[in-house]
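Undergrad: Each chain, letter by letter, is given below.
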Amino acid sequence: MATPEDETDWAGLLQRVRDDADPAAFAQLFRHFAPRVKAFLMKSGAGAALAEECAQDVMAVLWQKAQLFDPARASVATWVYTIARNRRIDALRKARRAEPEELDWGPEPAPDQAEALAAQEETERLARALGALPAPQRTLIERAFYGDLSHSEIAAETGLPLGTIKSRIRLALEKLRRQMS
Amino acid sequence: MTIRHHLSDQLLMAYAAGRLPEAFSLVVATHLSLCDDCRAQAGSFDALGGALLEEAGESAMGEDALAQALARIEGLPQARTEGPKPAGIFPAPLAGHVGGGPDAVRWRRVGGGVKQAILPTGKGATARLLFIPAGMAVPDHGHRGMELTLVLQGAFADRDESFGPGDVEISDETVEHTPTVLAGQDCICLAATDAPLRFRGLIARLAQPFLRI
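Note that the protein sequences, when read in sequence, are chains E and B. One rule links them: number in the numbering used here = place in the first sequence (from 1) + 1310. One rule links them: number in the numbering used here = place in the second sequence (from 1) + 179.
Heads up, some of the hints might be wrong.
Below, in silico cross-link-like pairs of lysine-lysine (BS3-like), each with a Cα-Cα straight-line distance of 30 Å or less [said to hold, decoys possible]:
| no. | chain 1 | residue 1 | chain 2 | residue 2 |
| --- | --- | --- | --- | --- |
| 1 | E | K1375 | E | K1476 |
| 2 | E | K1375 | E | K1353 |
| 3 | B | K302 | E | K1375 |
| 4 | B | K264 | E | K1375 |
| 5 | E | K1485 | E | K1353 |
| 6 | B | K302 | B | K264 |
| 7 | E | K1485 | B | K264 |
| 8 | B | K264 | B | K294 |
| 9 | E | K1476 | B | K264 |
| 10 | E | K1485 | E | K1375 |
| 11 | E | K1353 | B | K302 |
For the record, the hints were derived by calculation from the structure and aren't laboratory data. Here the structure is a predicted model, which means the values were calculated and not measured.
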């Protein structure tokens, strides 16, 4: 379903946070993502108070780490998800999570607007595909991500078109490696 | 580095979902630092998390939540956060975990020239570094759970296949094997398991409590 919000250029807003420390851009991101992070965490088993506190933390990390966001490799929703996931691990399991080596794309060249848009559209397409899955299949994925399943119970066969997303990220990584060398 | 043995989709999805015990996430993050193919695949599972977040619905934040957030970020630096850096043959996540490269590891001798170091991790699985001299076989053993072995230096052969730097071998309870380190170079591996190994030979069984594996 297309609503005006779907058209919002989240990556552009995040770049304004990064480049100009723009509180208005942050406020817009907060109004969209904080309630979703809170809902996500509550579905993962957190109480309302803890979920609210964690959502605040997630948004603060978004502000602090805006430099590390690479719009060619992830949509803002995906990036916010990864911050929320890591915060959930800290809060609910009191364990650390190892992260891969950070790949800095540096201050320049500026990320391609078209790439950023493609990543956002992909997440939206994926969300629609997820909504269209038969209920049992969708439930399995939700249970994996909301934390009901152990790692050995997770079924990686999702029935979703993840291959195109992987290919695009792969290309973005190749480009990044060329720039780094 | 040509990587031929990759992580499974199941592990990558569990990692993206935040469902792996810390010891496994250490192996996964270390492999992803070496393997852009698996990193991209993990990224596609992250995107699934992003889609779920978009579809999670909204839980209203407290009335003054935005004002609080704005007050909070005002004082926060936007410094580039520097993650751990690689150290020698150790990719960044492992170097960060042990505080350096192989020289920083507190190796313990376990006999036959084999050395190991158990790494401190959270519950659910254990991680250790193994140093196995060139040409040596690891005792024939099976598993109760899952074992991940990531090669960082040297190579070993197992079940008609060879595993070199960056390769990861995934074993489960259906596997009984005797990995043998190839001649030429000592082998250093990062291994994680979610259950104690059981060795078949008597001597190996006696040694097991000392190996703590």
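Undergrad: Give a verdict on every hint.
TA: Hint by hint, here is what the structure shows:
Between the alpha carbons of E/K1375 and E/K1476 the distance comes to roughly 24 Å, so the proposed pair stays at or under 30 Å and holds. Our distance criterion of 30 Å between C-alpha atoms is met by E/K1375 and E/K1353, whose separation comes to about 25 Å. This hinted pair checks out: B/K302 and E/K1375 have alpha carbons roughly 29 Å apart, not beyond 30 Å. With a C-alpha separation of about 18 Å, the suggested pairing of B/K264 with E/K1375 holds against the 30 Å cut-off.
In summary, the hint linking E/K1485 to E/K1353 is not supported, as the alpha carbons are separated by about 37 Å, beyond the 30 Å threshold. A distance of roughly 26 Å separates the Cα atoms of B/K302 and B/K264; the hinted pair therefore holds under the 30 Å criterion. Restraint check: the Cα-Cα separation between E/K1485 and B/K264 comes to about 21 Å, which is no more than 30 Å; the hinted pair holds. For a cut-off of 30 Å, the pair hint linking B/K264 to B/K294 stands: about 25 Å separates their Cα positions.
Of the pairs offered as hints, the one joining E/K1476 and B/K264 holds, with about 25 Å between alpha carbons and a cut-off of 30 Å not exceeded. A distance of roughly 22 Å separates the Cα atoms of E/K1485 and E/K1375; the hinted pair therefore holds under the 30 Å criterion. For the proposed pair E/K1353 and B/K302, the alpha carbon gap of about 23 Å is at most 30 Å, so the pair holds.
In this structure, only the earlier hint numbered 5 is contradicted, and the remaining ones agree with it.
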